[in-house]
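**Student:** I would like the entire structure built from these sequences, with the hints used as guidance.
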Amino acid sequence: MTIRNPYSYVLLRYRHDPLSGEFLNVGVILYAPETRFLGAKMRKTLGRLGKAFPGIQKAEVTQALGAIERAIDRKRKQLKEQYLFGDDLKDALAIASSVLPVDDSSYVWSPLRTGLTDDPTKALQIIYDRFVSQYDEENKSGRDDAAVWQPVKEILSARNLIDRLHPKTITSPVDEVEFVNAWKNGVWHCYQPLSFDLSTSEGIREKAARWSGHMTGLSKSDEHIQPYFIVGAPAHAELKKDYSRAIELLKASALEPRVFEENQSDELADLIASQMNRSARA
Numbered sequence: 001m002t003i004r005n006p007y008s009y010v011l012l013r014y015r016h017d018p019l020s021g022e023f024l025n026v027g028v029i030l031y032a033p034e035t036r037f038l039g040a041k042m043r044k045t046l047g048r049l050g051k052a053f054p055g056i057q058k059a060e061v062t063q064a065l066g067a068i069e070r071a072i073d074r075k076r077k078q079l080k081e082q083y084l085f086g087d088d089l090k091d092a093l094a095i096a097s098s099v100l101p102v103d104d105s106s107y108v109w110s111p112l113r114t115g116l117t118d119d120p121t122k123a124l125q126i127i128y129d130r131f132v133s134q135y136d137e138e139n140k141s142g143r144d145d146a147a148v149w150q151p152v153k154e155i156l157s158a159r160n161l162i163d164r165l166h167p168k169t170i171t172s173p174v175d176e177v178e179f180v181n182a183w184k185n186g187v188w189h190c191y192q193p194l195s196f197d198l199s200t201s202e203g204i205r206e207k208a209a210r211w212s213g214h215m216t217g218l219s220k221s222d223e224h225i226q227p228y229f230i231v232g233a234p235a236h237a238e239l240k241k242d243y244s245r246a247i248e249l250l251k252a253s254a255l256e257p258r259v260f261e262e263n264q265s266d267e268l269a270d271l272i273a274s275q276m277n278r279s280a281r282a
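The letter at position 183 of the sequence shown is residue 183 when you use full-length UniProt numbering, and the numbering goes up by one with no holes.
For the record, the hints were derived by calculation from the structure and aren't laboratory data. Computed from a prediction, not measured in an experiment: that's the story for all the values here. Everything hinted at is true.
Calculated pairs, DSS-like style, for lysine-lysine (alpha carbon to alpha carbon, straight line, at most 25 Å):
#1 Lys184 / Lys153
#2 Lys168 / Lys153
#3 Lys122 / Lys41
Pairwise CB distance ranges, derived in the manner of DEER restraints:
#4 Thr169 / Thr2: 56 to 66 Å
#5 Arg258 / Ala237: 25 to 35 Å
#6 Gln150 / Lys77: 54 to 64 Å
#7 Ile56 / Ser219: 18 to 28 Å
#8 Arg36 / Val174: 40 to 50 Å
Backbone N, C-alpha and C define an ideal beta-carbon position, used for all residues, glycine too.
**Tutor:** Shown next, in the form of structure tokens:
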């Protein structure tokens with residue numbers, strides 16, 4: 001009969017902006033006292049951190065995670081020299097907090113979680129794969145951003161207006177974004193297609209949050225811009241709620257972007273044509 005022993009674990013979370021409350025998991029610590037196992041696994045690359053938090057410094061993150069992992073290694077050696085830690089280090093959270101105390105920094109521990117296993121090394125890997133590295137692979141999109149923009153492009157091409165759109169990079173002290181399609185009439189009208197035809201709810205949330213963050217960053221630009229998003233829905237019905245929330249997040253973003261869904265391609269194209277025609281007559 002296989003004996004399954006209890007263990008506890010905590011996730012290490014990275015908060016790019018501690019005030020925002022947004023975080024991504026970057027590591028895990030697991031402690032199984034009866035088998036005297038203490039293990040830590042931290043990410044070695046940025047993975048999806050780079051996409052979720054533009055401007056993040058890879059060297060700083062990897063250095064911090066390496067320091068935490070080395071501190072756990074020292075705790076592991078200490079554990080080998082004695083049967084058990086004292087009562088003050090009775091579970092994974094207590095051990096983790098002894099290495100990285102709870103404070104207002106960018107790194108925080110999750111609440112304590114527990115389980116049973118006959119192989120703590122395997123359990124550590126499973127937890128890491130599930131909560132840390134699961135979404136590192138590119139979320140496969142049924143349609144990319146260009147496919148979402150294509151209907152608008154075709155309408156504007158038929159009206160001989162597509163050539164008036166050009167790439168434009170908007171910069172601010174804290175951000176820089178290139179819009180492939182933009183034109184100027186007093187303000188820069190910038191159009192960004194976003195395909196949310198992704199495979200996971202987290203992929204949808206991260207993409208919407210990333211572009212909402214860009215709006216905040218560009219709100220500090222000296223250039224006057226009016227952003228527009230045209231968004232494509234996910235193919236999977238179970239992701240519709242996340243898609244709706246993504247739209248609401250974009251609408252609530254800085255710079256008051258206008259958001260059009262794919263079935264409103266005609267409406268967006270008509271708006272662009274009307275604005276361009278008025279500009280030509282002015």
